[in-house]
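Asker: Put together the whole structure using the sequences plus the hints.
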Amino acid sequence: MNRLTEMTALLHIRNLKTYFFGDDGTVPAVDGIDFSIGKGETLALVGESGCGKSLTSLSVMGLVPGTGRIVEGEVLLEGENLVEKTEEELSRIRGNEISMIFQEPMTSLNPVLTVGEQIMEGLLLHQRLSRQAARERAVQMLKLVGFPRAEAIMDEYPHQLSGGMRQRAMIAMAVACNPRLLIADEPTTALDVTIQAQILDLMRDVKEKLSTSILLITHDLGVVAEMAERVVVMYAGKVVEEAEVQDLFDQPAHPYTEGLIRSVPSLDEEKERLYSIEGNVPSPDRLPKGCPFAPRCSEAWEKCLQKEPELMEIGHGRRVRCFLYDPEEGGSR
Amino acid sequence: MSEKDLLEVKELCKYFPVRGGLFKRVVGHVRAVDQVSFTVRKGETFGLVGESGCGKSTTGRTLLRLLKPTEGRVLFEGEDVARLSRMRLRKLRRDMQMVFQDPYASLNPTMTVGQLLEEPMKIHGMYGNRERKRMVEELMDTVGLDTGYAQRYPHEFSGGQRQRIGIARALALRPKLIIADEPVSALDVSIQSQVLNLMEDLQAQFSLTYIFISHDLSVVKHIAERIGVMYLGRMAEIAPKKKLYTCPAHPYTEALLSAVPVPNPSLKRERIVLQGDTPSPANPPQGCPFHIRCPKVFDRCRGERPELLQIGEDHYVACHLYDKESRSKVV
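Residue numbers (the numbering used here), protein chains in the order written: chain A, 1 to 333; chain B, 1001 to 1331.
Just so you know, the hints here were simulated from the structure itself, not pulled from any lab data.
Do not rely on the hints blindly, as some may be mistaken.
Stated by the list, open to error - The calculated lysine-lysine pairs, modelled on DSS-like cross-linking and capped at a C-alpha distance of 27 Å, are:
(1) A:Lys-207 x B:Lys-1268
(2) A:Lys-271 x B:Lys-1010
(3) A:Lys-271 x B:Lys-1042
(4) B:Lys-1091 x B:Lys-1010
(5) A:Lys-39 x A:Lys-17
(6) A:Lys-39 x B:Lys-1268
(7) A:Lys-209 x B:Lys-1268
Note that the structure is a prediction, hence the values are computed from the model and not measured.
Answerer: Put into structure tokens, the structure is as follows:
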């Protein structure tokens, strides 16, 4: 697929910068992110802890926590810049046009409201349905996410449900208003493998039925391979690679992506010894000079320690941030 | 118990009482571990896998007698850990150590790394003062920590480094067996492979035996030689790695393996999606604990609990499908 144009894309993120302003100085947690999501597409945002993947999604939702602030950039939802919206305007978009599911459903569901009330809340608020109509729609949603006794679940409280059921309820809530974009932040990380399989199946199913675009945030390359069409890899607050899922796994371009893929043990192959990337993920307030991955990179040369590479197009809709692909800087690939 | 076995677990049970009512009387039991038997050979890595609440961690803790077993025997080099006196137990614990999932929660935050590593040797009265300090440096070196960091506190380290401290601490007493409970689950992918490689190196260097407890079937496949699969407090299947991953016998193992997402988008696999959730171990189903979710269930499963049967070399399974008696009835 070629790069998404204004016409086909649902969401454009342009040079997004979200910084934290603390007593010890400024932390550039998200530092100039660019990517787009097509209509009905599932895009995976991959990276390790602290790379800024979750903060990117919170910035899209206008939910940057604490001392953080979006300092630059645009988040365009079909041409409308969400960064410039007021809180009031945003609250009309959140839960309606963009909604989110989180890793830990118990902490993001309200424990004193029934499941039904929580699903109906958005419908009453955004769609201005009558209570009767909202209830009907909520039951319909619960059936969609696979609750056979949806009517009974409506009147139950989150603590009465198991982890997998809570995540189903949260998905029902998130898609009740038929959003154009669903952001799923580590939606199956807290779940057991057999329950994870159920939830991933359900997300695919819901996406097909409602033709929602999904921004899937995960650290699990297995989940990426199964769910995503396109992948954006983040490292230290920046995009380091973007590719179609098949290309990414077949031939990772960035040394970091390559290292990640090679270091995961997999069920379908036997590795004598796991590849490992040297060193640790750098903290965003103490980034090294030059390419932030250079100190851990097996391919790095002097250039990489001095100057930071730009994100470059390398054809077939791929982008990579690495001097290896820049002949002018001595790149050889 | 044969020559090459280090640990033999026989019908191990750990029940936790459930109290209720006005006088907090015992009204029932959670059967966290229920009649689990397996052996661990010298120098091997035995993987213990299962989903949350299956009893794999409780099994690990009961083996070390961090929890007192309700019933059953744990023979470590022929001695029954479950029945040892306090004195003998303390001696034995030198040989059996544990590595925990969250190294931060298991390291005392007010102690420096040097003190943390020296403490077990002090408690067991090993070496003289100066010798111990030298040992601490050696340990840090062994697990790949800069010896200059001995005066630092746990919070000054990253997750992967903390897990190295946890491993060094377990190594301090030169144990024979290390029980590692989800040792890499809290770590990032790139750090996970560093720690797994370290554990393999140490195993070769000190001829260690590992019991590796994990929910991650890909990690266990990489590190273990034989694997036990637990479900609801019971052992469902025990098999050598190759057999378990190529031809799983128990329907639960089969479903579990098919559910693991594989980082390879061109691989399209037949997936068995199990219906429903794992039942509570406080109220397990009659008969086979898996029967309510099992795609291959038949009458006998509902009433009778399957015993662990040997179906091949080193291959054991608790499923009526493999019992000749019931097979003749079904087919």
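Asker: What are the numbers of the hints the structure violates, in ascending order?
Answerer: 2
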